[in-house]
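Peer 1: Mind docking chain W on chain R? Use the hints.
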Amino acid sequence: MSGPMAPSQAPTASQQPARGRFLTDFSHQLLAEWTKIRSLRSTVWALVLLFVLTLGLTTLFTSVAVAQWNQLDPGDRASLLADPVSGILGSGLSLGQLTMCVLGVLVISSEYSTGMIRSSLLAEPRRWPMLAAKCSVFAVVVLIVGEIVAFASFFVGAAILHSHVVVTLSDPGVLRAVVGEGLYLAVLGLFALAIGGLLRHTAGAITLVIGFIIVLSPLTQLIPGQIGIYVHAYMPAVAGSLITSANPAISGNNVLTPWQGFGVFCLWTAVLLAISTYLLQRRDA
Amino acid sequence: MIEARQLTKRYGDRLAVDDLTFTVEPGRVTGFLGPNGAGKSTTMRLILGLDRPNSGTATINGRPYAELARPLQVVGALLEARAVHTGRSAYNHLLVLAQTQGLPKRRVGEVLELVGLESVARRRAGTFSLGMGQRLGIAAALLGDPQVLILDEPVNGLDPEGIHWIRTLMKTLAAQGRTIFVSSHLMSEIAITADHLLVIGRGRLIANSSTTEFIERNTTPSVLVVSPGADRLAGLLAGEGARVESSPSDSTTPSPSAEPGAGSSLTVYDMPAAHIGEVAARAGLVLHQLTPQRASLESAFMELTRESVEYAVRSDGSVGSGQDRANTSLSTSAPATSQSGSAEAASADGSSTTEEGSR
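Note that the protein sequences, when read in sequence, are chains R and W.
Those letters in the first sequence? Residues 23 to 307, per this note's numbering, in order.
Those letters in the second sequence? Residues 961 to 1319, per this note's numbering, in order.
So that you can see chain R by itself, here it is in the shape it has in the complex (with noise of 0.2 Å):
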């Protein structure tokens, strides 16, 4: 079994210039991440869930809404007759963009888990254009399903309440807040790869995330006073989801327009993946 080892085909990184080296470096990177995301059953298992999840919980508020359109709160009824796309999206992304939670962080965290951090620094022991590898596909990965995910869920959704509420993609603001979903999941996968890169730990980075978005965001809403609400449109997920609004406005979230809070959102990201980015290179892995 020890017989001769085949010279590699490769050819030598030297004889390239180095920027082109560079890009064929970082290509080489991408798809062997993306060889990485395919190959988990966990990748499959959260992105199916992600679209279950969020077609489910919009057929069934939708549905809800139009049996019982009479008995509705006038204030529900209000918002949904104002701004139809954001119920229908809403109701979804509550708990579906947890999948991507917790698959964010997993596509980090699993490999200091298993120790596969240590193959991959080996094959790029520069580091960080693996992070950025890790980052762009995945965000890609999330960003095409999302974007299925937020249509599909619009389609269904608008369907359901066409008896009580016309909703379509040319209404102002609606394409952008469906598109806006598929955005908002992408990045808000990349908070969470970011945290899962910090911690290094998955149980505690998914808390970490799961909780900062379901509990620290609504909690700001108690501070008293205008610094409360400040503090609560700033929020990382407050300020993201804005976005899937067609006009966040009427329900009384005046303090950012939507693109401005999809770009505070990005804003949060960056600088956690910036940071995830210095710890990587520093740490000892």
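I should point out that these hints are in silico values taken from the structure, not numbers from a laboratory.
None of these values were measured; they are calculated from a predicted model.
Pair ranges (Cβ atoms, derived):
hint, chain 1, residue 1, chain 2, residue 2, range
1, W, A1026, R, V188, 53 to 63 Å
2, R, L191, W, G972, 54 to 64 Å
3, R, F44, W, R1012, 20 to 30 Å
4, W, Y971, R, L191, 54 to 64 Å
Residues from chain R that keep clear of chain W, each with C-beta distances beyond 12 Å, as calculated:
hint, residue
5, W91
6, L94
7, P96
8, G97
9, S101
10, L103
11, V162
12, T190
13, G195
14, A225
15, L244
16, P246
17, V253
18, L289
19, W290
20, L295
Ideal placement from N, C-alpha and C gives every residue a C-beta, glycine not left out.
Peer 2: Just chain W now, kept in the frame of chain R:
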């Protein structure tokens, strides 16, 4: 070629690697030996850029690992801790690594065949036994057909056939001019494979020499004598200048005195077996056994690293520190060295020095 220069690594206040300087040359298998916790794995992780040294440098072919282009085509590494995602198949694990280096898919099949894992290539690595996991790690190390191989405890978990295979593989690769750096905590294992030895204890280099030289320098020949007149013989031999120990003091020498009616046994140092036989004949003493033996490599290694063993198990009930014990054992052997005054005396001294023997 691997070069470490004054490599030092602390974890908190624990000094894991302490000012290590050594070179691992191509074309031979270099064994990296030390008790558990001596700093072998840490040193390898420092060489591979996984951990940062507090000071000092480690280079491979003159460059730090992090600066290698397509590193897996220069260095192949098997780490002691597993480095495989348990949810991914062996094939996909290797495919990921191949893709990072721009290696063709075909190479994955080649290394799977080389380590004998073709039939389980599609199984998730988490279901692998220790030995299969080890083979997968070796496959990953060989993936880029590297000139330098760093293997941390490669025989761990392998069956006898696997151990034989990895030994042959290492020797073959070294004969091709590659640099093979392999760690072990088992002296006997490494002595079979390695041409050269680096011994460390508590993060410090204790010995750096060829394997044969190491064995010569660190094992003291002795003769096992069994005789009904052991007591009288012991006196006579001591009178002739030998150092005599009655009843074997360590478990590495078999004890024949368990047989009923047999004489008691002596271990005689610094006197050839023929001379012992003559002394016995002159005194008219019966010998049941006269067996020349070499103290095992294992005990030589234990002796050498005694003061640097981090988690020592006391068998003699002494409460002194490891340092005290080492001093004691050195002083007891001092009279013997003054008697023989030969190469053996030099070797006893050599065993306690830290630099490469140049005698």
